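Colleague: Each chain is listed here by its residues.
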Amino acid sequence: MAIKKELIEELEARREKVLAGGGKDKLEARRKKGLMTARDRLDNLFQSGTFMEFGMHAQHACHNFGMEKKELPADGVVTGTGYVGDRPVAAYSEDFTVAGGSLGAMHAHKICEIMDYALQSGMPVVCINDSGGARIQEGVESLSGYGKVFFKNVYLSGVVPQIAVIAGPCAGGAAYSPALTDFQVMVKDQANMFITGPEVIFAATGQKCTMAEVGSAAAHATISGNIHFVADNDAHALAIVKKLLSFIPSNNIMDPPHDLTQPLVLDEDPGMDELVPEDSKNPINVKDVIARLVDNADFLEVQMDFAKNIVVGFGRIQGIVVGIIANQSAVKAGAIDIDASDKAARFIRFCNIFNIPIVTLVDTGGFLPGVAQERGGIIRHGAKMLFAYGAATVPKITVILRKAYGGAYLAMCSQDLGADLVFAWPTAEIAVMGAEGAVKILYKREIDKDPACAEKLIADYRAKFASPYQAAGKGLITDVIRPSQTRAMVAMALRNTLSKRETRPPKKHGNIPL
Amino acid sequence: MKKLRITVDGKVFDVSVESLDEQGNPVASQQAAPAFQQTSVAPPPSSAAKPAAAAVSAGPGSVTSPLAGRIVSIDCQLGQKVASGAQLATVEAMKMNTFVFAERDGTVAEILVSPADVVEEGQVLVTLS
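Quick note, the sequences are listed as chains W and A, same order.
Plus 18 on top of the position in the first sequence (first one is 1) and you've got my numbering.
Plus 216 on top of the position in the second sequence (first one is 1) and you've got my numbering.
Please keep in mind that the hints were generated in silico from the structure rather than gathered at the bench.
There could be a bad hint or two in this list.
[Unchecked claim] Facing chain W, a subset of chain A residues (Cβ under 10 angstroms, in silico):
id	residue
1	252
2	260
3	312
[What the hints assert, rightly or not] Calculated lysine-lysine pairs in the DSBU-like style (CA-CA distance at most 30 angstroms, straight line):
id	chain 1	residue 1	chain 2	residue 2
4	W	299	A	297
5	A	297	W	326
6	W	492	W	462
7	A	219	W	305
8	W	462	W	474
9	W	35	W	166
10	W	474	W	299
11	W	299	W	326
12	W	492	W	299
[To be verified] Every beta carbon over 10 angstroms from chain W, so not counted as near; a handful from chain A, in silico:
id	residue
13	220
14	222
15	223
16	226
17	238
18	241
19	257
20	276
21	278
22	287
23	295
24	301
25	308
26	319
27	329
Fair warning: this is a prediction, and the values are worked out from it, not measured in the lab.
Virtual Cβ for every residue (Gly too), placed ideally from N, Cα, C.
Next up, chain W with everything else stripped away, as it sits in the complex:
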């Protein structure tokens, strides 16, 4: 008594055929070019042997243009779950060797199924995109497939983290699926992403451009801000995904993977004192501050090449996962502009969704002045940042390193915008505006009479107001601390605030000024 041999043989034969994707020769050709296949990518992502495939035997649904005679293994997309570390994660990986990874009705159905499963089970989704686009033979069904995937992206947004890898072409409407996820990782050189490429742009407008200019990872990482990470190759892209997953929870009702087993260490770090330049006008590379603040200098920077005047990313402070938002005074004086506001606002909202405490490091002279900024809508964009901070209910700890002026002081998670605790270094300058500007308004008559007195008035104003003590005196900050105490104080503040509860009136959602 045993199962019939033929049945096992048939299963194995079917499996073998599907595992070969578009053909063993095509898979090998990819590997020779240094590219991973769709299944190589999942094998790399998941712990060995933990991949559970969904819909391996799926058949495409096209009965036109000779397609009825063709078999498309797994319909060009491999879907399933597996373990990353000790946590289950859902993923789909498009197979470019099968009809160019084109998206037809079954392909889309499989993606939607795995996303539904991830939603119900509360696990992250990794979306590996490598597709020529819509399967034209399937016509409007293919278009509808994209629509369904987009709807799922939106449906899952805010419940489970979605991370997209753009590992090959991602053209036209297809680009909107990764765009709707939380993070996009794009592989340098082998991937491109655009709504209209150079040929269509030229046909429609006469503008000449290159693919590097409109569709490359470099363009999206630096100019458009469409993506969050650039990878050197497939393996690096998946390493970034795994690193990112190590900081974030599986869903919105879980806590991020804090490590609270170590005892709180309250040692001072004299190295932090040494980072502060004597001349308050000279910049601090805020990444040096962050490296001293987080455990093992291990900081995953998000959008490192976009709007470099603000730095955002993930780290742990004595085991507690945090999202850090910091003005970078070494770039554009740390002034907040349109791109910096958008970058910070989106990051803050991600942290809030997934219960990740926010640590804000303030060192900014203000919002960037300029015609381009005003006409570009710095009011609307800057308001996103104010909105995101104000709406965030996770623990919010702010450290004012140095400059904190005017609206930018408020925007960088001031106490008034809901910071739970605010620390300031003795170098903090918290004021409504800079001394030069303030004195011109306050002492206009005196200066008109005797322009020579301006210098002394500015010095007096600076001595009195460019300090943390005016704000401390009004109860706007929790305490003034030495830079060397920062890591210890922030670590303690985070532990104390971790159990924070904040309830607000029920509503569909606020109306963030998009």
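Given the structure of chain W, go ahead and fit chain A onto it with the hints provided.
Modeller: Relative to chain W, chain A alone:
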């Protein structure tokens, strides 16, 4: 610096342990380089027209101001050979000094601004040959 408590024959000693390099200088405790590396990229060149201010003569070798401000100092001299990353000028804006660095090796061919000059974003400050 790491603190250890050592017990010898029932006597307790609290000692501090510090890693030193070959010259005997302390090695910073938070130096452990993470195995994971991130990749940084530069923006690809654009074939679209540059904004008017930048269009003046922002050719190759032009070193431009990253933001509008006032020149504090010129930190290089005509004819000086500079390496990539060398500080060439200091611009003050937003109550902060912004240092302007060479993006490649070269020789300072022109210095187009002087201290106290007001400059626009994208304005050429120095050219390298």
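Colleague: Run every hint past the structure and note whether it holds.
Modeller: The hints, checked one at a time:
1. 252: With Cβ-Cβ at 5 angstroms, under 10 angstroms, it holds.
2. 260: 4 angstroms, holds
3. 312: 4 angstroms, holds
4. W:299 / A:297: 27 angstroms, holds
5. A:297 / W:326: Roughly 28 angstroms separates the two Cα atoms, so the pair holds.
6. W:492 / W:462: Holds - the C-alpha atoms of residue 462 of chain W and residue 492 of chain W are around 27 angstroms apart, at most 30 angstroms.
7. A:219 / W:305: Status holds; Cα separation ~27 angstroms.
8. W:462 / W:474: 14 angstroms, holds
9. W:35 / W:166: 28 angstroms, holds
10. W:474 / W:299: 19 angstroms, holds
11. W:299 / W:326: 19 angstroms, holds
12. W:492 / W:299: 26 angstroms, holds
13. 220: 14 angstroms, holds
14. 222: Holds, because the least Cβ-Cβ distance between residue 222 of chain A and chain W comes to about 19 angstroms, which exceeds 10 angstroms.
15. 223: 20 angstroms, holds
16. 226: 25 angstroms, holds
17. 238: Holds, since 21 angstroms exceeds 10 angstroms.
18. 241: For residue 241 of chain A, whose nearest Cβ neighbour in chain W is about 13 angstroms away, the distance exceeds 10 angstroms, so it holds.
19. 257: The claim breaks: residue 257 of chain A does not keep its Cβ more than 10 angstroms from every Cβ of chain W (closest is about 4 angstroms).
20. 276: With a cut-off of 10 angstroms, residue 276 of chain A remains clear of chain W, as the shortest Cβ separation is near 17 angstroms.
21. 278: Non-interface label stands for residue 278 of chain A: nearest chain W Cβ at 18 angstroms, farther than 10 angstroms.
22. 287: 14 angstroms, holds
23. 295: Label holds. Min Cβ-Cβ 27 angstroms, cutoff 10 angstroms.
24. 301: 13 angstroms, holds
25. 308: 7 angstroms, violated
26. 319: 14 angstroms, holds
27. 329: 18 angstroms, holds
Violated hints, in rising order: 19 and 25; the structure is consistent with all others.
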